[in-house]
Amino acid sequence: MLILSAGAAIIPACSEDTPKEGLRFQNFAIDAGELIVLGELTATIIPTTDGPGAREVSADQFMLKMIDDCYSPEQQRKFVSGLKSFEARAGRGTGKSFADLSADQRTKLLTDLEKEKDADTDLSFFYSTAKRLTMEAYTTSKYYLTKVQVYELVPGRYHGCVPFGSVKQKKAS
Amino acid sequence: MGNSINNTYDAIVIGSGMSGGWAAKEMSEKGLKTLVLERGRDVKHIKDYPTTNKYPWEFEHRGQIPYDVQKENPVVSRCYAFREDAMHFFCKDTEHPYLQEKPFDWIRGYQVGGKSLLWARQTQRWSEFDFSGPTRDGFAVEWPIHYKDIAPWYSYVEKFVGISGNKDGLASLPDGEFLPALEMSCIEKHFQKAVAKNYKDRNVIYARCAHLTEPKPVHIEQGRGQCQKRNLCQRGCPFGGYFASNSTTIPWALKTGNMTLQTNAIVHSIIYDDAKQKVTGVRVIDSKTKDVTEYYAKVIFLNAGAVNTNLILLNSTSKRFPHGLGNDNGLLGKYFAFHNYRARASAEYEGLEEFNEDGRSPTGGYVPRFRNLLKQDTDFLRGYAISFSGGRSLATDNSGFGAGLKSSLASKELGPWHVGAQMMGETIPKETNSVKLDASKKDEWGMPLLSFNVAYDDNDEKMIKDFQEQITEMLDRAGFTNIKTSDSKQAPGLDIHEMGGVRMGKDPKTSLLNKFNQLHTCANVFVTDGACMTSTSTQNPSLTYMAFTARAADHAISELKNGNI
Numbered sequence: 001m002l003i004l005s006a007g008a009a010i011i012p013a014c015s016e017d018t019p020k021e022g023l024r025f026q027n028f029a030i031d032a033g034e035l036i037v038l039g040e041l042t043a044t045i046i047p048t049t050d051g052p053g054a055r056e057v058s059a060d061q062f063m064l065k066m067i068d069d070c071y072s073p074e075q076q077r078k079f080v081s082g083l084k085s086f087e088a089r090a091g092r093g094t095g096k097s098f099a100d101l102s103a104d105q106r107t108k109l110l111t112d113l114e115k116e117k118d119a120d121t122d123l124s125f126f127y128s129t130a131k132r133l134t135m136e137a138y139t140t141s142k143y144y145l146t147k148v149q150v151y152e153l154v155p156g157r158y159h160g161c162v163p164f165g166s167v168k169q170k171k172a173s
Numbered sequence: 001m002g003n004s005i006n007n008t009y010d011a012i013v014i015g016s017g018m019s020g021g022w023a024a025k026e027m028s029e030k031g032l033k034t035l036v037l038e039r040g041r042d043v044k045h046i047k048d049y050p051t052t053n054k055y056p057w058e059f060e061h062r063g064q065i066p067y068d069v070q071k072e073n074p075v076v077s078r079c080y081a082f083r084e085d086a087m088h089f090f091c092k093d094t095e096h097p098y099l100q101e102k103p104f105d106w107i108r109g110y111q112v113g114g115k116s117l118l119w120a121r122q123t124q125r126w127s128e129f130d131f132s133g134p135t136r137d138g139f140a141v142e143w144p145i146h147y148k149d150i151a152p153w154y155s156y157v158e159k160f161v162g163i164s165g166n167k168d169g170l171a172s173l174p175d176g177e178f179l180p181a182l183e184m185s186c187i188e189k190h191f192q193k194a195v196a197k198n199y200k201d202r203n204v205i206y207a208r209c210a211h212l213t214e215p216k217p218v219h220i221e222q223g224r225g226q227c228q229k230r231n232l233c234q235r236g237c238p239f240g241g242y243f244a245s246n247s248t249t250i251p252w253a254l255k256t257g258n259m260t261l262q263t264n265a266i267v268h269s270i271i272y273d274d275a276k277q278k279v280t281g282v283r284v285i286d287s288k289t290k291d292v293t294e295y296y297a298k299v300i301f302l303n304a305g306a307v308n309t310n311l312i313l314l315n316s317t318s319k320r321f322p323h324g325l326g327n328d329n330g331l332l333g334k335y336f337a338f339h340n341y342r343a344r345a346s347a348e349y350e351g352l353e354e355f356n357e358d359g360r361s362p363t364g365g366y367v368p369r370f371r372n373l374l375k376q377d378t379d380f381l382r383g384y385a386i387s388f389s390g391g392r393s394l395a396t397d398n399s400g401f402g403a404g405l406k407s408s409l410a411s412k413e414l415g416p417w418h419v420g421a422q423m424m425g426e427t428i429p430k431e432t433n434s435v436k437l438d439a440s441k442k443d444e445w446g447m448p449l450l451s452f453n454v455a456y457d458d459n460d461e462k463m464i465k466d467f468q469e470q471i472t473e474m475l476d477r478a479g480f481t482n483i484k485t486s487d488s489k490q491a492p493g494l495d496i497h498e499m500g501g502v503r504m505g506k507d508p509k510t511s512l513l514n515k516f517n518q519l520h521t522c523a524n525v526f527v528t529d530g531a532c533m534t535s536t537s538t539q540n541p542s543l544t545y546m547a548f549t550a551r552a553a554d555h556a557i558s559e560l561k562n563g564n565i
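Heads up: the sequence lines are chains A and B, in that order. At position 142 of the first sequence the residue is numbered 142 (the numbering used here), and the sequence of numbers has no breaks. At position 80 of the second sequence the residue is numbered 80 (the numbering used here), and the sequence of numbers has no breaks.
Be careful, since some hints might not be right.
Claimed, not checked - When the alpha-carbon atoms are kept at most 25 Å apart in a straight line, the in silico SDA-like pairs for lysine to any residue are as follows: (1) 159/B <-> 254/B; (2) 441/B <-> 283/B; (3) 54/B <-> 91/B; (4) 92/B <-> 74/B; (5) 108/A <-> 407/B; (6) 78/A <-> 72/B; (7) 412/B <-> 136/A; (8) 147/A <-> 404/B; (9) 189/B <-> 164/A; (10) 216/B <-> 156/A; (11) 108/A <-> 398/B; (12) 78/A <-> 66/B; (13) 54/B <-> 58/A; (14) 117/A <-> 394/B; (15) 78/A <-> 400/B; (16) 65/A <-> 53/B.
Claimed, not checked - According to the in silico footprint, chain B covers these stretches of chain A (three or more CB under 8 Å from chain B): (17) 42 to 49; (18) 66 to 80; (19) 135 to 141.
These are computed hints drawn from the structure, not numbers from a lab. Quick reminder that beta carbons are idealized off the backbone N, C-alpha and C, glycines included.
If we strip away everything but chain A, and leave its shape as in the complex, we get (with noise of 0.2 Å):
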């Protein structure tokens, strides 16, 4: 359970005021600016193109949520601890956050963790973390099932095996 609603976390960028200590979930915490940058990781993980992407479906919630009740207490903090060496790695030569970053400057910090992805850190570990429940938040999201890749509650047919062209279930309705 968030004890601040999760709505804390599309605090807009500029609200200098906002108390860093003040945003608490049951099992850790992370500061104002931290949620801004974790919102702009899922958002450049996957982007808003001509369909939604990880921002409209709140994938930065999602994942704030699982990490909270579905993560041990040392997956969380290394979680925490990782996020704040990306912001330091996206400062390096920059001084600047993740968030105000140029698209090209997130690009390329992306490929390079992409690349250390199996490394054991902090660092890879937030970021292999992040990226794995904004795809598990995209693609469980109501607009993925509905649109995307189609999902039936109720197929009620079995066809055990049909040309791959007429598989109803995986076509775009």
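Once you have looked at the hints, place chain B on chain A.
Here is chain B on its own, set in the frame of chain A:
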């Protein structure tokens, strides 16, 4: 103590799950005033299936169990079906503790319907090869019945339950009363053909399952409809597409007007009246108030689930039976057994690329036992059945990020066929595999804690190795690639097929129950759940429990009429 007149019935059924529902149906249908005692809460068909119509995005954690719940409940968290959509139908470790001299994952569903809400719905008959197993191979004791004794009761139960399947004509897996089978998938058909070509002694069939493919009038009368291929059965089915006590036997029994359902009723013990020299009723603890009430009846059916049935009998002590009801030979709780599900295999197939399944099938391929069937042909006793199924998933590339990743997640391309196979091995009942009551520890209702001393043995290890070798060869010969085998090393119990402890047999010196599931020494007490099993064979056991129950109820009714009990 309650009022004895108001608390008197013709029959008492302890448990409302798979077999208890049948005992209730059979006896109330034949006019017996029947009290059904359920230790858990009521779960009404449809009304009490809170998640049944939820879409994936409507689950807070998309199916996952929160960390704290897993940490507090490590046993039930190991069960494949303990997920966010069905967790309310499972008993939590913390609420109902037990003891493990050796690791045993005891998975329970304490509610009306019990685990019949959660079962895998596989319904293969036993054959004479199974009933004659102990005698031929020299283990356990001789079964007091043969296939021919139970066959008509299989038919009786199958017609009411609704079983989909093909007539396969195999002696090792007798045909039954089937609704039409669904079509096998391309990959299952491929494996079926390849196995038939490569092996004289092995068959792949489409597993029979308790799903209404084409409901008959009796199923419509039950209020059930056609299976809609949702494969969300563990949530409870709003269509009644699969068999559960909740949708079928319990409402049917209630409709007769002869059944009374008492929930939150924990049976403390069965009452043996030393003066009358017979069982007269049961002693019940109200799980909410902890008040104790006695209920009386001429006949008692024990269907509490195999382990709890053992517990109740062990806890039913009297001057005549100081070591538990019917336990003159000291074998109550012993010769406990289960199924060996430890080993699996996975593989891929590069062909059939232009085909896929459409919709979701509630069942899959099944290889009936072939090892040691006609004669002993390995260095271990008995054998295993194999489940086999497969499918294709979307070929998404999860590398990278940004618009490229997003477009990959929208791809309609499919990957190769993936298949999985799992063994279902017979374990040999042994005196050393047992359950007993702890001498001092009790639960919050004052019931002694049940303690498990159950383990695998060398026979199981040899069987695992043989399965891994044989399935690898079968898949290899069928052209599969990337074949991998694994051994989960899971503890006994996670199969959720607990059996024995109150076994049937011919001789009261070596068994507890006779050929009609009556205690040898208390003819008005019947045990027809998994506790009665003399051996385990390789089939999912629920269908056999149901057939035993219907047969035993028929006997009980005629013995009552004849004044014998």
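Here's how the hints hold up against the structure:
1. Using a Cα cut-off of 25 Å, the hinted pair residue 159/B and residue 254/B holds, with the two alpha carbons roughly 20 Å apart.
2. At roughly 20 Å between alpha-carbon atoms, residue 441/B and residue 283/B fall within 25 Å of each other, so this suggested pair holds.
3. For the suggested pair residue 54/B and residue 91/B, the alpha carbons sit about 22 Å apart, so the restraint of at most 25 Å is met.
4. A C-alpha spacing of about 9 Å is found between residue 92/B and residue 74/B, which places the hinted pair at or below 25 Å, so the restraint holds.
5. Of the pairs offered as hints, the one joining residue 108/A and residue 407/B holds, with about 20 Å between alpha carbons and a cut-off of 25 Å not exceeded.
6. Restraint check for residue 78/A and residue 72/B: the C-alpha separation of about 22 Å stays at or below 25 Å, so the hint holds.
7. Restraint check for residue 412/B and residue 136/A: the C-alpha separation of about 18 Å stays at or below 25 Å, so the hint holds.
8. With a C-alpha separation of about 18 Å, the suggested pairing of residue 147/A with residue 404/B holds against the 25 Å cut-off.
9. Of the pairs offered as hints, the one joining residue 189/B and residue 164/A holds, with about 17 Å between alpha carbons and a cut-off of 25 Å not exceeded.
10. About 18 Å separates the Cα atoms of residue 216/B and residue 156/A, which keeps this hinted pair within 25 Å; it holds.
11. Proposed proximity of residue 108/A and residue 398/B is supported: the alpha carbons are some 18 Å apart, at most 25 Å.
12. Restraint check: the Cα-Cα separation between residue 78/A and residue 66/B comes to about 18 Å, which is no more than 25 Å; the hinted pair holds.
13. This hinted pair checks out: residue 54/B and residue 58/A have alpha carbons roughly 20 Å apart, not beyond 25 Å.
14. With a C-alpha separation of about 23 Å, the suggested pairing of residue 117/A with residue 394/B holds against the 25 Å cut-off.
15. With a CA separation close to 22 Å, the supplied pair residue 78/A and residue 400/B stays within the 25 Å bound.
16. Only pairs whose Cα atoms come within 25 Å are accepted, and residue 65/A paired with residue 53/B is accepted, the gap being roughly 23 Å.
17. Coverage of the segment 42 to 49 of chain A by chain B holds. Counting CB-CB distances below 8 Å, 5 residues qualify, and the rule asks for three or more.
18. With 5 residues carrying a beta carbon less than 8 Å from a beta carbon of chain B, the segment 66 to 80 of chain A meets the three-residue requirement, and the given coverage holds.
19. Restraint check on the segment 135 to 141 of chain A versus chain B: 6 residues with Cβ-Cβ distances below 8 Å, three needed, restraint holds.
Checked against the numbered hints above, the structure violates none of them.
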